[in-house]
Every structure is written in C-alpha cells, then in structure tokens.
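Q: Sequence:
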Amino acid sequence: MILSAGRGERMRPLTDRTPKPLVEVAGVPLIEHHLRKLAAAGVQEVIVNHAHLGEQIEQRLGNGKRFGVSVRYSPEPSGALETAGGIVQALPML
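Under our numbering, think of the first position of the sequence shown as 8, with each following residue one higher.
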C-alpha cells in the first residue's frame, strides 16, 4: 500500500495544484519511482489511498499496467483520516 492522501503542506506552493505523489523528482513523479521499484521487487498489486487532488493520481497512474503492477485505489472522504484511518479504510482491499 502506498499512502498518498496527505496534503503535502510543507511542500507548498508545489502542492497547491498538484498532489504530493505527483511532484516530480528528476522529471518523474515521486509515486512512479515507488511503483517501478515495487514492480522490480516482484510486487504485483498495489493499493494507493488518496484524498487531496486524488483524481489527478488516478488519471496519471491508471490501472498501473505501464509500471508493471496492478493499481487499485482507496479514495478517502474530505477531511483527514490520518495514517491509521487510511489503512483501516483500505483493509478490505488488502
């Protein structure tokens, strides 16, 4: 599971319009680095939770096939669930 629901407050203004997982490092969104490393390690299925601007994450990653993994999403309602809440919400998918 990749926890991607945070607002990225400490990275503002970069995260005002872009969710933190899509902020680029070396020209590639952070979350794509993670997905490629997970695929290289043999992971086949990944759950990504999201909240702040989460639709951008789903649009960018799609089903994960181009990264070599299957990606499913656990969208969080508005308002913070925090780490434990995000994991508890995604438990049925794990």
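No lab work stands behind these hints, which were simulated from the structure alone. Keep in mind that the hints are not guaranteed to be accurate.
[As the list claims (entries may be wrong)] Simulated DEER-style distance windows between Cβ atoms:
{"no.": "1", "residue 1": "E65", "residue 2": "V32", "range": "29 to 35 Å"}
{"no.": "2", "residue 1": "L21", "residue 2": "L98", "range": "28 to 34 Å"}
{"no.": "3", "residue 1": "E62", "residue 2": "H40", "range": "19 to 25 Å"}
{"no.": "4", "residue 1": "P20", "residue 2": "A47", "range": "28 to 34 Å"}
{"no.": "5", "residue 1": "Q51", "residue 2": "R19", "range": "22 to 28 Å"}
{"no.": "6", "residue 1": "G49", "residue 2": "T90", "range": "24 to 30 Å"}
{"no.": "7", "residue 1": "K44", "residue 2": "L101", "range": "15 to 21 Å"}
For glycine and all other residues, C-beta sits at the position ideal for the given N, C-alpha and C.
Q: Output the numbers, in ascending order, of every earlier hint that fails for this structure.
A: Violated: hints 1, 5.
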